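Trainee: Using the sequences and the hints given, assemble the complete structure.
Protein chains: 2
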Amino acid sequence: MSVTAARGFRAAGVAAGLKSTGERDVALVVNDGPDDVAAAVFTTNRVFAAPVAWSRQAVADGRASAVVLNSGGANACTGPEGFADTHRTAEHTADALGVSAGDTLVCSTGLIGTRLPMTELLAGVDDASGRLSDDGGEDAARAIMTTDTVPKTVVVTVRSEDHPDDEGWTVGGMAKGAGMLAPGLATMLCVLTTDARVDAATADAALRAATAATFDRVDSDGCMSTNDTVVLLASGASGTTVDVDALTDALTEACASLARQLVADAEGASHDIAVRVVGATTVDAAVAVARSVTRSNLFKAAVFGNDPNWGRVLSAVGTVPESVAPFDAARLDVSVNGVQVCRAGGVGDDRDLVDLAASREVHVLVDLHAGDAEATVWTNDLTHDYVHENSAYSS
Amino acid sequence: MSVTAARGFRAAGVAAGLKSTGERDVALVVNDGPDDVAAAVFTTNRVFAAPVAWSRQAVADGRASAVVLNSGGANACTGPEGFADTHRTAEHTADALGVSAGDTLVCSTGLIGTRLPMTELLAGVDDASGRLSDDGGEDAARAIMTTDTVPKTVVVTVRSEDHPDDEGWTVGGMAKGAGMLAPGLATMLCVLTTDARVDAATADAALRAATAATFDRVDSDGCMSTNDTVVLLASGASGTTVDVDALTDALTEACASLARQLVADAEGASHDIAVRVVGATTVDAAVAVARSVTRSNLFKAAVFGNDPNWGRVLSAVGTVPESVAPFDAARLDVSVNGVQVCRAGGVGDDRDLVDLAASREVHVLVDLHAGDAEATVWTNDLTHDYVHENSAYSS
Chain A
1 MSVTAARGFR AAGVAAGLKS TGERDVALVV NDGPDDVAAA VFTTNRVFAA PVAWSRQAVA
61 DGRASAVVLN SGGANACTGP EGFADTHRTA EHTADALGVS AGDTLVCSTG LIGTRLPMTE
121 LLAGVDDASG RLSDDGGEDA ARAIMTTDTV PKTVVVTVRS EDHPDDEGWT VGGMAKGAGM
181 LAPGLATMLC VLTTDARVDA ATADAALRAA TAATFDRVDS DGCMSTNDTV VLLASGASGT
241 TVDVDALTDA LTEACASLAR QLVADAEGAS HDIAVRVVGA TTVDAAVAVA RSVTRSNLFK
301 AAVFGNDPNW GRVLSAVGTV PESVAPFDAA RLDVSVNGVQ VCRAGGVGDD RDLVDLAASR
361 EVHVLVDLHA GDAEATVWTN DLTHDYVHEN SAYSS
Chain B
1 MSVTAARGFR AAGVAAGLKS TGERDVALVV NDGPDDVAAA VFTTNRVFAA PVAWSRQAVA
61 DGRASAVVLN SGGANACTGP EGFADTHRTA EHTADALGVS AGDTLVCSTG LIGTRLPMTE
121 LLAGVDDASG RLSDDGGEDA ARAIMTTDTV PKTVVVTVRS EDHPDDEGWT VGGMAKGAGM
181 LAPGLATMLC VLTTDARVDA ATADAALRAA TAATFDRVDS DGCMSTNDTV VLLASGASGT
241 TVDVDALTDA LTEACASLAR QLVADAEGAS HDIAVRVVGA TTVDAAVAVA RSVTRSNLFK
301 AAVFGNDPNW GRVLSAVGTV PESVAPFDAA RLDVSVNGVQ VCRAGGVGDD RDLVDLAASR
361 EVHVLVDLHA GDAEATVWTN DLTHDYVHEN SAYSS
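These protein sequence lines are chains A and B, in that order. In this text, residue positions in the first sequence follow this note's numbering: the first is 1, and each later residue adds one. In this text, residue positions in the second sequence follow this note's numbering: the first is 1, and each later residue adds one.
No lab work stands behind these hints, which were simulated from the structure alone. Note that the structure is predicted; figures quoted are calculated from it, not measured. Where hints are given, some of them may not hold.
One copy or any two copies: either way a pair holds, since identical chains are not told apart in the list.
[Unchecked claim] Capping the alpha-carbon separation at 25 Å, the derived lysine to any residue pairs in SDA-like fashion look like this: (1) Lys-19 - Phe-83; (2) Lys-19 - Asn-306; (3) Lys-19 - Thr-149; (4) Lys-19 - Gly-305; (5) Lys-19 - Ser-133; (6) Lys-19 - Arg-351.
Mentor: Right under this line is the structure:
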């Protein structure tokens with residue numbers, strides 16, 4: 001059901017000819033209300049695409065009626081002409097839907113540095129607007145895929161313990177992005193919908209908290225995209241008013257599921273690696289140490305070779321400055337899939353006890369023995385297929 | 001001639017059985033004086049190997065008589081026992097040479113997390129001390145190789161313009177390291193020798209300046225080693241007293257040559273990539289922007305595919321915070337091998353004009369249009385062979 005699981009939303013996904021494969025490439029998500037509350041977070045890349053520039057402005061008032069998304073072209077590094085294309089897309093979509101262009105968000109993904117084929121795109125918008133339905137979420141999720149091999153969707157329904165028969169309220173979502181997952185998000189588009197009744201400040205705070213704990217802790221290859229966008233639309237159609245904590249919890253559950261799906265489908269990966277750092281002085285320190293390990297090409301290549309190379313873990317941990325993460329290198333412990341291969345900064349149990357060939361998931365546990373805070377960052381191994389996919393094709 | 005090009009030095013390189021291949025794996029470099037001035041820079045990794053801990057202390061007084069180096073084992077993450085092994089190696093070497101253990105530096109490179117075979121290593125030291133000669137520099141350069149395919153050596157001779165017939169003074173050097181080249185140096189061992197007369201403060205200042213401008217701007221895969229060491233020994237045997245500027249210039253020339261040789265022999269690389277950033281507000285800003293590009297797996301994989309993917313350059317440039325490097329994203333220019341593929345943040349000349357398949361060297365020029373400072377950082381492309389070498393073998 002994806003983005004149409006929550007009440008008050010229709011969606012569609014159509015093939016407009018932007019992808020040479022003939023697959024779906026234009027999606028619409030429409031909020032039929034009664035509310036039109038919206039929030040969004042965007043890439044922190046200073047080189048950002050035209051649709052990011054547009055949507056950042058459009059959502060600034062905490063309202064949006066629709067999101068139009070396309071794959072097959074990022075509309076990034078396309079200059080003033082590219083921005084005019086985005087503007088025109090928003091106006092065309094707004095006209096087709098009978099809403100305001102200023103309440104229409106735009107997301108694009110695909111190759112950087114080429115203009116979008118506007119004739120095809122606008123015809124696709126017309127086509128999609130005629131096919132909007134309250135079960136169009138799956139088609140929309142397919143239309144935003146690029147190198148993804150499967151669509152990513154999620155539904156989280158929250159029911160009151162006091163009123164278990166009540167329909168409760170729902171968060172639905174879809175996401176794409178298999179390549180440039182990185183801190184601050186990365187070539188990742190995500191639309192979340194909810195029928196909860198929330199004000200704009202609540203929506204914004206909850207979305208930021210949820211993405212910080214989920215998408216921001218996925219780092220496939222350390223590269224940050226020009227187009228990342230996570231949008232939340234709230235219709236209020238459930239009639240249930242929700243506070244910021246409840247919305248944060250539901251959004252975090254939805255985003256965690258989508259983030260995990262993104263890792264599992266990352267370009268060319270053969271292992272999903274969770275680096276959990278415990279015993280840190282602060283969560284930020286734990287994230288910094290975990291991120292350092294998830295960015296080590298040497299460790300990621302070792303995992304591809306099914307080698308639980310704890311020396312490469314330690315040498316990555318050691319690059320984090322003392323001011324960021326205090327720890328004593330002589331106390332570091334490292335376990336891989338439950339085997340403590342490094343004890344007190346030195347050799348631990350036999351690394352041959354770890355059989356990485358047998359599992360897609362690799363769980364690395366680093367204990368800094370410096371405090372009580374912890375964090376987990378996910379990444380993938382560095383594989384021949386990663387190199388192949390990113391050398392043989394432009395993106 | 002390597003480290004024995006300068007007067008006052010003898011060296012040797014022998015096969016002691018640390019490498020399973022039977023190749024040379026223990027090297028000695030001895031300073032016969034008259035001076036015994038020394039300086040060194042080490043990895044900034046907080047997880048550093050036992051020989052780094054030892055040598056950092058031993059060189060703190062600005063003096064050293066000898067360096068003993070081994071490949072076939074890094075002696076990193078080996079705990080107190082590993083440090084005792086280094087201590088014993090220094091004492092054994094000092095006894096064999098008739099010098100002080102406190103003036104004997106130790107360097108190791110190879111697999112992390114395993115103890116060194118001390119019987120073989122100490123026998124190798126004895127063997128090497130019996131073979132010391134003033135043309136032993138080439139053997140020493142071979143003995144420190146790991147995945148290097150060729151030894152790296154350099155000789156820089158400085159003659160006065162006023163006395164062209166004078167022998168002048170010389171800097172000689174050897175280096176190894178093909179994998180973890182990274183900022184702050186990386187699995188890289190380098191010994192530089194000079195027959196110039198300098199004091200310890202001059203040697204230290206010149207060595208730091210030279211490495212900062214050379215080895216610190218080589219970043220093969222962003223990973224920082226536990227063992228990096230660059231040692232300078234000064235014998236004074238030329239009788240020529242040299243000031244800090246002259247020594248810095250000669251050392252910079254020597255280090256630049258060695259750094260370039262390291263890039264050209266980096267594990268699995270098919271292209272050497274120079275990222276030159278101009279128009280920056282400061283050198284630090286230029287380095288930060290260049291380093292961001294050299295760390296982009298997506299760009300490095302594109303280069304492997306002979307794709308001058310300027311969109312990936314721009315998206316890497318855009319990740320550098322404004323506080324670090326001020327620039328206007330709408331003014332960025334990018335050229336690849338002389339073709340301006342990106343102009344003012346948008347599409348430039350036809351990227352098909354760039355033929356990366358035809359050249360090992362790739363020159364990326366980024367103009368920030370924000371100031372007058374510039375810097376160049378070297379890296380390699382991300383290849384199937386890199387993944388293979390770093391997944392199939394432990395290190």
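Trainee: Tell me, in ascending order, the numbers of any earlier hints that this structure violates.
Mentor: none
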